[in-house]
Amino acid sequence: MTRHAIRVPIAAMLLAGALSLTGTAQKVTLPLAKGSTKFAVIGDTGTGDKPQYDIGRRLEEYRRQVGFTFTIMVGDNIYGSERPQDFQKKFEIPYKPLLDAGVTFYAALGNHDDPNQRFYKPFNMNGDRFYTFTKGNIEFFVLDSNYMDRKQLDWFERAIKESKSDWKMAYFHHPLYSSGAAHGSEADLRTLLEPLFIKYGMDVVFAGHEHFYERVKPQKGIYYFTCGGSAKLRTGDIRKGSELTAKGDDRENTFMVVEVEKDVFSFQTVSSGGGIVDADSFQRPR
Amino acid sequence: MRLRLFVVSLGLATSVAAFVPGCKEKPAATIKEVNRLDAKSGEAPNPVEDPRFKDFFDHVRAYMKIHKAADAKVPSLKETSDPKQVSTREKGLADEIRKERAGAQQGEVFSPSAAKEIGLVVAEDFKSRPLRDQKAILVEVPMKVPPAINTDYPTTLPLATVPPSLLQKLPTLPEELEYRFLGRHLILRDIRANLIVDFIPDVVPEGPAATGGREAHP
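Read top to bottom, the protein sequences are chains H and S.
Its first residue numbered 1, the first sequence is counted upward by one per residue in our numbering.
Its first residue numbered 1, the second sequence is counted upward by one per residue in our numbering.
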């Protein structure tokens, strides 16, 4: 046995030992490159029920290993009543370990969200229904798909046209492509947004609304993910044999962890049970 | 028109700045800029040339005066980590508007002529869609809650999405207001106050509303 070969198990044992003190070691498939941008994706979260808390715990376990620094929320952040105690029960408590660790959340509005959530500071919306922010070489365009009026469309076109970032990613609540039986693709919204996505080089789009995970086969060169099962679950809702689906899971609650390093996008989708639902990487075509 | 002119001017200015040596790169247009524009367009919403909606725009302007006066009486709404401040502010604003509009009746903003024209726009939009798509629009619309002027939009109900292509055809509203469906009715909702300002009854055709459902395929 070489010296090098011995070192790896010892390092792994030390890491596992350290993690056993703080949480469960999870299988991470991401490259974990130095200087990369890492984030988590959650959607349809704000129930305050056990599945949301389970995902919250699992997210924290992954944060410790992956080191993601922010989380994007694809809408339906607070279901039902929105009293102050609801913000605690449905956001602050389930994600407390993440918040305590300094993870920032960037929310999009879902159809169950009061638009005044934009004034709730932990959602980092700066008082706007739609906004952008940049992390590393990614610019995120956060849209309000509940109300895509002319003002928002004009703003979005100007913002993406002026974007200088290598990666352009959008997220909003309603999926443009979906194999969900209950909802399905938002064709009306797609008619307005897709031409702009193509024209200005959108790379990746995240949505929720459907209470499951789906990776859609790239559509016109754009990658679409639906990640709306981070608390709610619509079991068996993905249409079997859908030509859209590259990978789907409607049996377990899920979240995504993403890493972007230069031109490579890597992701891992994790279930509340800790299983890896999906994992892959692709290169930005340029 | 003014919006388009501004957008074009802004684009030109940005392009020029990008090529002038020593010129600091102009940041992307912010929503604040668009909102400032909208404050202007709120005075004369688009399509201002369209006489079909003239009295509606007048009524919207009158409502916005009330909204702004009420807004000045409650603490300004800023980002906060205390959600209580957000909800207290929302309620405070709604209460002030309710006081100012005590006794407001259905049809005060959506005047009969505007209601007729907007009703036609909605009817035409529905007619242009297959029945399954018409049903899809309504699948998450709360159907059993009748709208009432000056009442809160029920906070436990979803805000059903208005089809974006229909929104492009409706008269533009100031940023404080929005259209929503509630049952078969089109409501005008004050976003910051979460208040039902007015509604047009039975604007949605009976057929799709009666059956509901949604197209699942792309």
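Incorrect hints may appear among the rest.
Unchecked claim - Straight-line C-alpha distance at most 20 Å; calculated EDC-like pairs for lysine to aspartate or glutamate: (1) H/121 - S/82; (2) S/68 - S/125; (3) H/121 - S/79; (4) S/54 - S/133; (5) S/84 - H/86; (6) H/34 - H/49; (7) S/169 - H/157; (8) H/34 - H/157; (9) S/54 - S/117; (10) H/96 - H/149; (11) S/169 - H/149; (12) H/50 - H/92; (13) H/27 - H/49; (14) S/68 - H/128; (15) H/96 - S/117; (16) S/84 - H/92; (17) S/84 - H/60; (18) S/73 - S/96; (19) S/135 - S/125; (20) H/89 - S/82; (21) S/91 - H/86.
As the list claims (entries may be wrong) - Covered by chain H, per the in silico footprint, the following chain S stretches (three or more residues, Cβ under 8 Å): (22) 69-82; (23) 114-123; (24) 140-148; (25) 152-165.
Hint data in this document are derived by calculation from the structure and do not stem from the laboratory.
None of these values were measured; they are calculated from a predicted model.
Positions of the beta carbon are idealized from the N, C-alpha and C atoms, including for glycine.
Review point. Does the structure break any of the earlier hints, and which numbers would those be?
Key: Of the numbered hints, 2, 4, 6, 8, 10, 13, 15, 17, 23, 24 do not hold.
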